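Peer 1: Okay, here's what each chain looks like letter by letter:
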Amino acid sequence: MVGEDRAKLMADLGRVARALDGRDIWFDWEGFFWDAADWSEAAAAQLAREGGLEDLGETHWKVLRFFRDYYAYHGRAPLNRHLREGTGLSLGELEGLFPGGIRLGARRLAGLPNPKSCF
Amino acid sequence: MAKVTLTINGRPRQVVAGPDLLLIDLLREGHRLTGVKQGCDRKGQCGACTVLVDGRTALACVTRVAKLDGARIVTVEGLGTPANPHPVQEAFVLSGAIQCGFCTPGMILAAKALLDANQDPSTAEIKHAYRRNLCRCTGYVKIIDAVKLAGRFLRGETTPEAVRPRPDGAVMGVSHPRPSAMAKACGTAEFTGDIHLPGALELAAVRSPHPHALILGIDTSAAEGMPGVAGVLTAKDIRGTNRLKYIVGDRPVLCDGKVRQVGDPVAAVAARTREEALAAAAAVRVEYQLLPALGSPQEAMAEGAPQVHADRPNLCYVQPLRKGDAAAALAASAAVVEARFRTQINHQAPLEPEASVAFLEGDGEDPVLVVIGRSINIHGSMAILQEALGHENMRYQEAYSGGQFGIKLEVVTEGLAAAAALKFRQPVRYIPSLEESILITNKRHAFHMQVRLGADARGRLTALAMDLLVDNGAYQSIGDVILRRALHMLSSSYFIPNIDALGRLVYTNNPWGSAARGAGPPQAHYALECAMDMLAEKLGLDPLEFRRRNSLRPGQTKATGYVVQDVWPFPELCDALQPHYRRALRERDGARTGTVRRGVGLGAAAFGIGQPGDKAAAAVDLDPDDGVTVSAAAADPGEGNDSMLSQLAAQVLGLPLDRVRVATRDTDHTAASGPASGSRITYMIGGAAVDALQQLKQAAAEVGALSWKAFQEAGRPTHYLGQKKILETAPLDPQTGQGPSFESNVHAIQMAEVEVDTATGQVQVLRMTVAVDPGPIINPQNVEGQLEGGMDMGVGYALREEYVTGRTRDWATFKFPTMRTAFDMTVVTRETPRLRGTLGATGVGEMSMVSTAPAVINAIHDACGAWIHELPAHPARVKAALAALQEPVP
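Quick note, the sequences are listed as chains A and B, same order.
One rule links them: number in the working numbering = place in the first sequence (from 1) + 4.
One rule links them: number in the working numbering = place in the second sequence (from 1) + 32.
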């Protein structure tokens, strides 16, 4: 197994570092921040632009801040029911706000790590 | 039918019993006495269902109720309660004899029967009394200790009060009873199969009998019309991705189009009773088109071999490791040895079979799907299930778990149970048989290894060249993680300046590999540590001195080029082992004639703790009663993580232990702390807990009291979240395998003393001795218990155990360790604090078996001159190796 095949498989499996907000930040194989502490508003905005969301509005930031605050308090990601209660938004509104929806969109942008990490 | 009158735990009962009604069903189902455990498909093999019938032990799973008229039945619930336990129950708790607790009720009742007849039994009499009871966790050592302590209680020589450490006394280094132990001793701890779920549907799976086949059609019509059947589940009913994905999404909840190993799930039937579900599952017709089955990595890599997965090559992961110039160093070495080694596919063999329940909590369009099972990574398992099933609103709860040893890193039965609960909107239980549990679960990977190891004339290691070809089985899971762990720890305790290794992971149609105690290093250490003895022999050096001489020193590099910053107390462990080693050699030298030969062998291990990128969180709350609750998803299938967290809290805050609570089992109430694997719990989750506790302690100092009321009045938070992160994050370089490695290690050297019967090939382990340095010890009984259980498991791995599809069906065919195979053990400890350890500590659970197999194999060679190049070293293999010694060298 050489060349492109191997590169593709390795990318699927490994952590990847990329420059963001002027720093090297590690992401996992599903595009989640490896470490929530690497997150910044500028990094989130850049990732959002790459995902087709040119401007993060106040509602976006409300959701992202809720994610961050919930994680900082509980040490785990909120479920949708917590998001609904915490933001006052419906599930449909939340899913529609972010390209990729809640998990693959908002949660990634909020910098929460993937609970599937394994060592 | 016959009317039977009997007493159960002192209460008169009447039952009209058919000839087939078994006592286990009357007790568990009829009277909810779930301390009577069901573990071995009613074959009378495990003893977990042991009860007393008229004062004598009986296996409830093979005892017919119709024959019990007038009998007095006592279960563990009838012996005592947590508030008023029997002295035998107290003795088991205080001796550290309870780890997972699944075997405990049966063990306690067997002890009761023995001690009623003989209050001062010898070790041999205790072993005889336990001839029908199995334990996977303890190596039986502390169970024997418990019976002896119970005898002292009953003889009035001491009391539980005199033995029990004071909860307000010293904390660190004291064997305080585990918080969960008494519930397990009294049968009140609920394992998954004990959970009462009236009206729940029972599930049975339709599984592939073929290792590799296309599914052409599934006909469920006959099954759907059978009595009691609620419906049949196939892949089209799964609303999510239908893939249980850690890293690579290749394993389906239910197969859609293709099966890749024997036992793959194709459909599932939900019915009123388990019998109805099984009958209907047998009526589901599946049409297969057979494909060539790939039985080894070599077959799978051969040109023209069919691909196991259409979107990934069979050779699915490659990681080289290149440090220095191994080829040149080997060429210049004074001595080089070369050998091939191969390890078997093995079952982790937790005593409790697989079990899951699932139900919907709440009404409306988006109810909470509650899954209760045995996961050691509840937040990860929940995330995997959310994606696979397309249902986000979920809660995963860890029940008490009858051991796991890596097996429950994976979602297995939970997928089907949860999918069925979603489809049928009813509670579902999926409790497969032991045979099915063995068939469907992940296994320890088989490794094929070629090793060359060199040293200079002074006996210093110069270079290692190693090829590691790993049988991934049918699904990827964390195969790449396992392989990288082996590479990270490739040079073990030693400094090896030049290494050239190649790790390859290959899909086959064998059972899928995943976590298993040690997770990669046990396989690689077998090859390395045997090569160390081969090289010592070639150089004419003592194996212990050769190992000590080659110890890595802080500032030198591991296999990945990582410069070790932490302490490396391996030479001191060699010194600590020295008197035991000299004693063993003396005894060996007196037993080297005749056909039964004594041998002594060594195996070392430096087991990495704290992998680059690892991180954990834990929360602590100051409660209104001024106690504290530590909350973290630190699964405890038997290691004693509840002890660890509660003792850390008491130590940091200066609280008595009875003011500390731990909450670890529910995704709704815990921080996501990562898996309970890789011996990372004390270092990572314990470390995060200590961070939170120190925040609370600092706040208490500022408030002036550790008091909930005072915190409220001062307006200070009572909740603190702690973190622990490894300083390094980067993974290994994909081309060179160089990069940061584990920031600490637990160190050990094990010594096996064996007798080899050269006529039969039978090997008996007489004693295992381990010198270990895990850092400061929090709870000595827990550390010893892990080491004793690990060495027992390691000896089974070395000599007996192997998973063979279709042949390994129960504990007899698995060759489960018993009291008969048990051996003496000695644990020697040192406590060197680690730079970033949790109050200086690391962990020991996995390391405990990493070097057992090579120690045993080296001892066999020492005894009779034969090298065993493939595990397990069963008698036929030993005899063949002995016969090869007689053959002329070509």
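What the hints contain is simulated information worked out from the structure, not anything from laboratory work.
Every value quoted in this text rests on a predicted model; they were computed, and no experiment measured them.
Incorrect hints may appear among the rest.
Among chain A residues calculated to face chain B with C-beta under 10 Å, some are [stated by the list, open to error]:
1) L83
2) N84
3) E97
Simulated coverage check for chain B against chain A, where a stretch passes if three residues somewhere in it have a Cβ under 8 Å from a Cβ of chain A [as the list claims (entries may be wrong)]:
4) 420-427
5) 700-706
Even for Gly, the Cβ is constructed at its ideal location relative to N, Cα and C.
Peer 1: Mind taking a look at whether chain A covers the region 700-706 of chain B? Criterion is 3 or more residues with CB to CB distance under 8 Å.
Peer 2: holds (count 5)
Peer 1: So, E97 (chain A) near chain B? Judge it on the closest CB pair being under 10 Å.
Peer 2: Hint on E97 (chain A): violated, closest Cβ of chain B at ~15 Å, above 10 Å.
Peer 1: Was the hint right that L83 (chain A) lines chain B, CB cutoff 10 Å?
Peer 2: Given a least distance of 6 Å, the restraint on L83 (chain A) holds.
Peer 1: Quick check: do three or more residues in the region 420-427 of chain B have a beta carbon closer than 8 Å to a beta carbon of chain A?
Peer 2: With 3 residues close enough to chain A, the hint holds.
Peer 1: Have a go at the N84 (chain A) hint: is there a Cβ in chain B nearer than 10 Å to its own Cβ?
Peer 2: OK, holds: N84 (chain A) within 10 Å of chain B, min 5 Å.
Of the numbered hints given earlier, the model fails hint 3 alone.
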